[in-house]
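Colleague: Turn these sequences into a full structure, and let the hints guide you.
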Amino acid sequence: MKSTKFTEPRKLSKEEVDRKWWEIGDFFRRNSLWMLMYCTGCCAIELPPAMTSAYDMERLGMGPMATPRQADILLISGYLSVKSLRRVIYTYEQMSEPKYVVGLGSCPINGGIYHDSHAVINQLDQYIPVDTYVAGCMPNTESVMNGFVDLMEQIRDKTAKGWIKYKENNEWYKKNQKAALGEVIIHDEFHE
Amino acid sequence: MMNSMNNVEFLKGLMNQNFKIVETDVIDQYQVSFVLKQADVLQALVTLRNAGWIQMSYLSAVDWPDENKIEVVYILMNWERPVHIQIRTKIDRNDPVMPTIIHIYPGAKYYERECHEFFGVKFPGNPDYQKQLILEMWDDMPPLRKDFDPKAYSDRKFTKREYNEDYLVLSDQNDKKAKREARKERAESLKGGQKI
Amino acid sequence: MLLNILVGFAIAFFGFVLQTSVAGVNRKIIARLQKRYGPKWYQEFLDIFKLLSKRATSHGWIFDFGVIMALGGIIATAMFMPLTNNIVAFAGYDNFFIFVYLIAVGMLGMAMSASGSGNPYASIGVMRALTTMLAYEVPFMIIVLTIINTTGFSSLTEIGLFQQASGNTWFLIALPLGGIVGILSLMGMLGKKPFETYIAPAEIASGPMVEYGGKQLGMLFIMHEITVFIEVSLFVHLFLGGAENIFIFLAKYFAVYTFVNLISNVNGRLKIDQVVKFYYKWPLIMAITQAIIAIYFGWVVSI
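Chains as they are written, first to last, in the working numbering: chain C, 1 to 192; chain Z, 1 to 196; chain F, 1 to 303.
Because the hints were derived from the structure by calculation, they are not lab data. Certain hints may be false.
Derived lysine to aspartate or glutamate pairs resembling EDC-like cross-links, with alpha carbons at most 20 Å apart [stated by the list, open to error]:
1) F/Lys215 - C/Glu97
2) Z/Lys131 - C/Glu183
3) C/Lys83 - Z/Asp155
4) C/Lys178 - Z/Asp155
5) Z/Lys160 - C/Asp116
6) C/Lys174 - Z/Glu9
7) F/Lys35 - C/Asp116
8) F/Lys40 - C/Asp56
9) C/Lys175 - Z/Glu136
10) Z/Lys191 - C/Glu23
11) C/Lys83 - Z/Asp140
12) C/Lys178 - Z/Asp128
13) F/Lys192 - F/Glu244
14) F/Lys35 - C/Glu97
15) C/Lys178 - Z/Asp139
Modeller: This is the structure:
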C-alpha cells in the first residue's frame, strides 16, 4: 500500500466535487419525500391504508403535502381524461426541481380497463416523464409501499432522471401535448 | 304527509284532464312516467310547475336507432307530494330539435348543453347550447349515440403502448387446437355488438 | 462585546438543534400513540436539509427579502434568551418586553413576503395569523403584568430567581388560573391544533406558505423552529421557575412541549371567529380574576 506521506493527495476534479455534493443531496432527498396526491382516480383508495397505522408511510419519511410548490412527488392515481391532463401538466410544471412522478395502477401504463374509452388517455409517458409505475388494478397496499421503496432506491442509484429528461426533450413532450390537447390553457367553461 | 296513492291519483287525474297522453306507466308509488307528443311537452311542464313540481332533476335522451327516433326525458320532483315524474317524447333522429325550457326551469341551461354535446339535440331559444361543456377537442359524432365506436376513436386519437410479442406465443398443442380456433371464431363474431 | 455576540449565536444555534430534535421525538411519540412506528428522531433535520437543496422559483425581490428579514429577526430575538440563571448572552437586556417587541419583526417579515407573492390564499393566511395574534395577546399580557407586579422585576432571569428562592413556588401553582391561561395562550402562539387556523393545510393550502418551495421554505422552517424555541422558553422562565442548570432546563422544556403536543393531537381545528370568541370569553375572565386576586388581595397559593 502506498504511503500517503510521500504521494500528493489527488485533487478532485470539478465533476467529482459536484457529484459528491449531489450524493449528499440525494441522501436527504430520498429520506424525506413529500407527496402531492392527485387522487382523482380509483387507485386513490389504496392511499389511506398506506398513510395510517396499517402500512405506515411516515417511517420512510414520506408525508402528504398541500401544494405543488412544496412537494417532491406527483402521485397520479388512476385514469386521466383530457380535461384532467391539462391540469396535471400545469401542476407538474409548477413543482420545484428535482421532482418525481409515480403512476399507480394500470391506467397510466396502457389505459387499463378504460383503454377503449373516448375520453381517457392511454399512455401517460408521452406527456410527462414517469419514474415508477406500480401495476395492478388496483395494486395491493404492499405493492404500493414496494413502489415507493423502489423510487427511493432509484434516487440512490441516480436513475430517477425524469425531470432532466423533461428539460432536455422539452420539444418532444410539448409536441405530444399539443397533439392531444391543443394548447395547454385552462378555460373555465361554466362561466364563459 | 298525504297518502302516496292519493298523489298518483291526483297526478293522473291532472294529466288526463288536460292532455292527450300516449302512454302512462306507474313504476311504483313514487315514480310515474308519461309519454307525450312533442307539441304538448311545453304546456305539460308549465301545468306541472304550477301544480307544485318545481324541481327539475334531470334532462337527458335515449337513442333508439331501430325506430330512427331519439326519446327526450325530463324528470321532475315535488317536495309536497313526493312523486318523480318522467315526461318522455320521441323526436326525429336525423334532425332532432326540441324547444328550450329555460324560461320554465332556468337550471336546465347546462342540461341542454350536455344533451346537445352527447346526443346532438338542438334547443333553439337557449343562447349558448352549442358551447363545449365536457368534451374537449371533439371532432366526431356525438358520443352517446349507439352507432359511435369508442374503440376506433381511441385508437385514432391516443397512441397505444407497444409490447413485444415474445410471451404471447401460443402453445402448439394440437389436441387443443380445435377448441382454441372455435373460441377465437366466437370472439370475433361477437365484436361490434352484433349478436350471433 | 464580541464574546457576548458569539454566546448569543451559540444560544440561537443550540435552540434550533434542541427544538428540531424535540419535534422529531414528539412525532415518534404521537405515532406510537396511534399504534404505528414513527419516523426517525432526526427526521426534521432531513426535511430541512432536503428543502435547502431544491431549486425553486422566486416572485420578485420583496418575496426573497421578506424571508431573509424574518429569519434574521428571529435569530436576533433568540440571541437575547437566557437558558439558565448563568448562561445569558446580554446580561441585563433579557427583559420580557424586548421579546414581545422583537417577535413582531419575524411575523411582519413573513407577512410582507407572503403578500408579495400575490396568491389570495397567502393573504387569507396572513390575515388569520394576525387575527389570532390579536386574540391570544390580551389575556397573556394581563397575566404577565400580574407576574411582573408580584415579583417587582421584568427581567426573565430575575423572575426565575424569584421563583427559585426558598418559600416561593412556581407561578404555575401560585397563580393557578394564570397558569391555565398561560398554557392556552402558549397553544395559540405555537399554532397547535385547536388554534391551527393560520396554517390550515387542507383548507387554504397551508396559508402563508403556499407559494414557497425549495430554499425559501427551508428558511421559513428554520424560522418556525426558532420561534417555537423562544416561546416555550418564555413559558418555562415565566411560569415554571427558570432553571439552575442545563439539565433541568432540558427536562422542563421537553415536558412542556410534549404536554402541549399531546393535547393538540386529539383536537380538531377551530374557525377564526371561534378562536377570537374563545379567547375573549373564559381566558380573559380568568386572567382578570387572577389579576384582581393577586394584586389587590395578595393571595397566592403556596405549597
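Colleague: So, for every hint listed, does it hold in this structure?
Modeller: Status of each hint after checking the structure:
Among the hinted pairs, lysine 215 of chain F with glutamate 97 of chain C is consistent with the structure: their alpha-carbon atoms are about 11 Å apart, no more than 20 Å. Restraint check for lysine 131 of chain Z and glutamate 183 of chain C: satisfied, since their Cα atoms lie roughly 18 Å apart, inside the 20 Å limit. Between the alpha carbons of lysine 83 of chain C and aspartate 155 of chain Z the distance comes to roughly 19 Å, so the proposed pair stays at or under 20 Å and holds. Distance check on the hinted pair: lysine 178 of chain C and aspartate 155 of chain Z sit about 17 Å apart at the alpha-carbon level, within 20 Å; holds.
About 10 Å separates the Cα atoms of lysine 160 of chain Z and aspartate 116 of chain C, which keeps this hinted pair within 20 Å; it holds. Distance check on the hinted pair: lysine 174 of chain C and glutamate 9 of chain Z sit about 63 Å apart at the alpha-carbon level, beyond 20 Å; violated. About 44 Å separates the Cα atoms of lysine 35 of chain F and aspartate 116 of chain C, which puts this hinted pair outside 20 Å; it is violated. Note on lysine 40 of chain F and aspartate 56 of chain C: the hinted pairing holds, with a Cα-Cα distance of about 13 Å set against a maximum of 20 Å.
Restraint check for lysine 175 of chain C and glutamate 136 of chain Z: satisfied, since their Cα atoms lie roughly 18 Å apart, inside the 20 Å limit. Proximity of lysine 191 of chain Z to glutamate 23 of chain C is assessed by CA-CA distance (about 55 Å); at most 20 Å being required, the pair is judged violated. Taken as a hint, the lysine 83 of chain C and aspartate 140 of chain Z pair is honoured in the structure, with Cα atoms around 17 Å apart against an allowance of 20 Å. A C-alpha spacing of about 27 Å is found between lysine 178 of chain C and aspartate 128 of chain Z, which places the hinted pair above 20 Å, so the restraint is violated.
For the suggested pair lysine 192 of chain F and glutamate 244 of chain F, the alpha carbons sit about 29 Å apart, so the restraint of at most 20 Å is broken. The straight-line distance between the Cα atoms of lysine 35 of chain F and glutamate 97 of chain C is roughly 35 Å, outside the 20 Å bound, and the hint therefore fails. For a cut-off of 20 Å, the pair hint linking lysine 178 of chain C to aspartate 139 of chain Z stands: about 16 Å separates their Cα positions.
Checked against the numbered hints listed earlier, the structure breaks hints 6, 7, 10, 12, 13 and 14; every other hint is satisfied.
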